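K.L.:
Protein chains in written order, with the numbering used here: chain A, 1 to 556; chain B, 1 to 105.
Since the hints were made in silico from the structure, they are not lab data. Don't take each hint at face value.
Below, in silico cross-link-like pairs of lysine-lysine (PhoX-like), each with a Cα-Cα straight-line distance of 25 Å or less [as the list claims (entries may be wrong)]:
(1) B/LYS77 with A/LYS479
(2) B/LYS43 with A/LYS479
(3) B/LYS95 with A/LYS80
(4) A/LYS275 with A/LYS194
(5) A/LYS77 with A/LYS97
(6) A/LYS37 with B/LYS47
(7) A/LYS37 with A/LYS80
Bear in mind that the values here come from a model prediction, so they are computed numbers and not experimental data.
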Amino acid sequence: MYRYDEFDARFVAERVAQFRYQVERRLSGELTEDEFKPLRLMNGLYLQLHAYMLRIAVPYGTLAPKQLRMLAHIARKYDKGYGHFTTRQNIQFNWIKLVDVPDTLADLATVEMHAIQTSGNCIRNVTADHFAGAAEDEIEDPRILSEIVRQWSSLHPEFSFLPRKFKIAVSGSEHDRAAVKFHDVGIEIIRNDKGETGYRVYAGGGMGRTPYIGHVVGDFVAKKDILAFLEAVMRVYNQSGRRDNIYKARIKILVNALGADEMRRQVMREFEEIKASGTLDVPAEEVANIARYFAPPAFEASSDDVPEYDTARASNAAFRAWTETNISRHRAPGYAIATISLKPIGGVPGDATHEQLDALADLLDAYGMGELRVSHEQNLVLPHVRKKDLPAIFAKLEALGLATPNAGLVTDIIACPGLDYCDLANARSIPIAQRISERFADLDRQHNIGELKIKISGCINACGHHHAGHIGVLGVDKKGVEYYQLQLGGSGAEDASIGEILGPAFGEHEIVDAVEGVIDVYLERRESDERFLDTVRRLGIDPFKERAYAGWAFHI
Amino acid sequence: MAQTDQILTANRLRDGEVAYWAAGRWVAALDQAEVFQDDASAKAALKAADASVQDRTVVNPYLFDVRREAGVLRPVKEREIIRAAGPTVRLDLGKQSSEAFDVSL
Numbered sequence: 001m002y003r004y005d006e007f008d009a010r011f012v013a014e015r016v017a018q019f020r021y022q023v024e025r026r027l028s029g030e031l032t033e034d035e036f037k038p039l040r041l042m043n044g045l046y047l048q049l050h051a052y053m054l055r056i057a058v059p060y061g062t063l064a065p066k067q068l069r070m071l072a073h074i075a076r077k078y079d080k081g082y083g084h085f086t087t088r089q090n091i092q093f094n095w096i097k098l099v100d101v102p103d104t105l106a107d108l109a110t111v112e113m114h115a116i117q118t119s120g121n122c123i124r125n126v127t128a129d130h131f132a133g134a135a136e137d138e139i140e141d142p143r144i145l146s147e148i149v150r151q152w153s154s155l156h157p158e159f160s161f162l163p164r165k166f167k168i169a170v171s172g173s174e175h176d177r178a179a180v181k182f183h184d185v186g187i188e189i190i191r192n193d194k195g196e197t198g199y200r201v202y203a204g205g206g207m208g209r210t211p212y213i214g215h216v217v218g219d220f221v222a223k224k225d226i227l228a229f230l231e232a233v234m235r236v237y238n239q240s241g242r243r244d245n246i247y248k249a250r251i252k253i254l255v256n257a258l259g260a261d262e263m264r265r266q267v268m269r270e271f272e273e274i275k276a277s278g279t280l281d282v283p284a285e286e287v288a289n290i291a292r293y294f295a296p297p298a299f300e301a302s303s304d305d306v307p308e309y310d311t312a313r314a315s316n317a318a319f320r321a322w323t324e325t326n327i328s329r330h331r332a333p334g335y336a337i338a339t340i341s342l343k344p345i346g347g348v349p350g351d352a353t354h355e356q357l358d359a360l361a362d363l364l365d366a367y368g369m370g371e372l373r374v375s376h377e378q379n380l381v382l383p384h385v386r387k388k389d390l391p392a393i394f395a396k397l398e399a400l401g402l403a404t405p406n407a408g409l410v411t412d413i414i415a416c417p418g419l420d421y422c423d424l425a426n427a428r429s430i431p432i433a434q435r436i437s438e439r440f441a442d443l444d445r446q447h448n449i450g451e452l453k454i455k456i457s458g459c460i461n462a463c464g465h466h467h468a469g470h471i472g473v474l475g476v477d478k479k480g481v482e483y484y485q486l487q488l489g490g491s492g493a494e495d496a497s498i499g500e501i502l503g504p505a506f507g508e509h510e511i512v513d514a515v516e517g518v519i520d521v522y523l524e525r526r527e528s529d530e531r532f533l534d535t536v537r538r539l540g541i542d543p544f545k546e547r548a549y550a551g552w553a554f555h556i
Numbered sequence: 001m002a003q004t005d006q007i008l009t010a011n012r013l014r015d016g017e018v019a020y021w022a023a024g025r026w027v028a029a030l031d032q033a034e035v036f037q038d039d040a041s042a043k044a045a046l047k048a049a050d051a052s053v054q055d056r057t058v059v060n061p062y063l064f065d066v067r068r069e070a071g072v073l074r075p076v077k078e079r080e081i082i083r084a085a086g087p088t089v090r091l092d093l094g095k096q097s098s099e100a101f102d103v104s105l
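Use the sequences and the hints to build the structure in full.
P.N.:
This is how it looks when you write it as structure tokens:
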């Protein structure tokens, strides 16, 4: 785990004190709401439908037991007993009182957490592959670079008032679990022909009302040059990104207006200038210091054949089902990566109670695991589990209601908070996720369907990543009534693609049938081991469209 | 053209609680809210509510449309139905729940 150095500790403490004073000035009338709003947003505090919402960063998705316990404490003391894990490795509390926020932030600071830059037009919480340090296909742990970027971008004076928000994601593996091509800047750690590692940098990806897949602006950026390169991208954006129209202010609009070649040219011009100054060279010894914080635990020498694990799989059908989907291969023999689904059938995607957070901290301690991960898919991950411990861990998770065996299946649905909580939403997302989950609750049916990522957003801002869903659902408002657009063929992985809209929106009571209809078409027409996404790509959307609108001819 | 009725709402500054205007004060429940049947009185209330923005009781006051269905007042937009009740996915939370909340806004 990364530990705050004296600079980190000081600036977080200073920010807590500063915000406490700002809240006092707001309550005393010294600051108007217009003056206060940008200040609270810089500290992750939104005013939503029912209350204030505090968005807390989980940098690169890593949480230690004491941090989990603090989040449980915050849920109990300042909220209504639960938190919501988002699609950007943050946790949100939905019922926060403004008057309690300074104390909440002070409590968080005691475990090296904060809400700085989780909102506002700045560089947001840097996200990384949730299997970092554990994945079998990993070239290098992406959290090392993520931490370097965090240090560079935190309170960066030049980039605190960008045209719009800016999101960076880092992947260290060939298989992209961090959706890097859908970020303002996405970084892939790659290896060249000489065996050196460096960075492929994408810019201009994004979702929202105008989805784009990022363009490569740096083919192979040397490790020591990465901050100079990122600074160059930011400067081009800061200078030329539009500030006259909020809907055209993201870097994706700039990149696509300039064209990828011109963007690269401008970035390279800035980059050469910054590089020549040498001021942003990343010092190797500092990298080594940071890397030490992310050193993998001392794995016990072990064979990958673990009799206890195999015996439990043979004797316990529920455990076997869980291992089919929620266990991934680990780089160390005898170890596994376990995904803890926060998608119980009919539940609220991403929600966790204070009891569950506390119990997970105990579980980490009991098995010497040290850290938990938060995924952008709104699940949690145990990155380094001894396979022989898995049966006991599964039993504990089962007792906590955290053993749903559905990672990557049709009921493992991403959904934004939607109109149940969010001030920006046009329609509810969570109930649609719940109804789909209930419709496909049968586990055999889920296994028969196989990998299928459904992603639901309650408005065009796309926090639910609907553009990148194999099946995407977008809630829209028609005269105050909720409707849902269906789109197919998106992917947030290395084969990134943007889903195609099927046609007119469905009513709240039609959308689940429409989803079931397109899945039926897949089951009827798939070839060999095709995934849903592969079948959609091969057939195009027409056969799916025909089924989805069957009986609803008046829609077309 | 039929006039849509309106209600004035805001959020309480110190905790974000949803509030409704009722004859010069703020109340917590939609069914206690004052219903404006003409635009002029709705706008007058919105202007009057400025004072409670100035004194930091509430933030962001605005008007929304309501209609009467079988004698029951119902916001036209789903958003306001949810604000008045709480999340539809957590019936144990928000104004719809039995949890006590401070009505003296």
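K.L.:
A separate judgement is required for each hint: does it hold in the structure or not?
P.N.:
Consistency of the hints with the structure:
no., hint, in the structure
1, B/LYS77 with A/LYS479, "7 Å, holds"
2, B/LYS43 with A/LYS479, "22 Å, holds"
3, B/LYS95 with A/LYS80, "13 Å, holds"
4, A/LYS275 with A/LYS194, "23 Å, holds"
5, A/LYS77 with A/LYS97, "11 Å, holds"
6, A/LYS37 with B/LYS47, "22 Å, holds"
7, A/LYS37 with A/LYS80, "24 Å, holds"
Against the hints set out earlier in the document, no violation occurs for any number.
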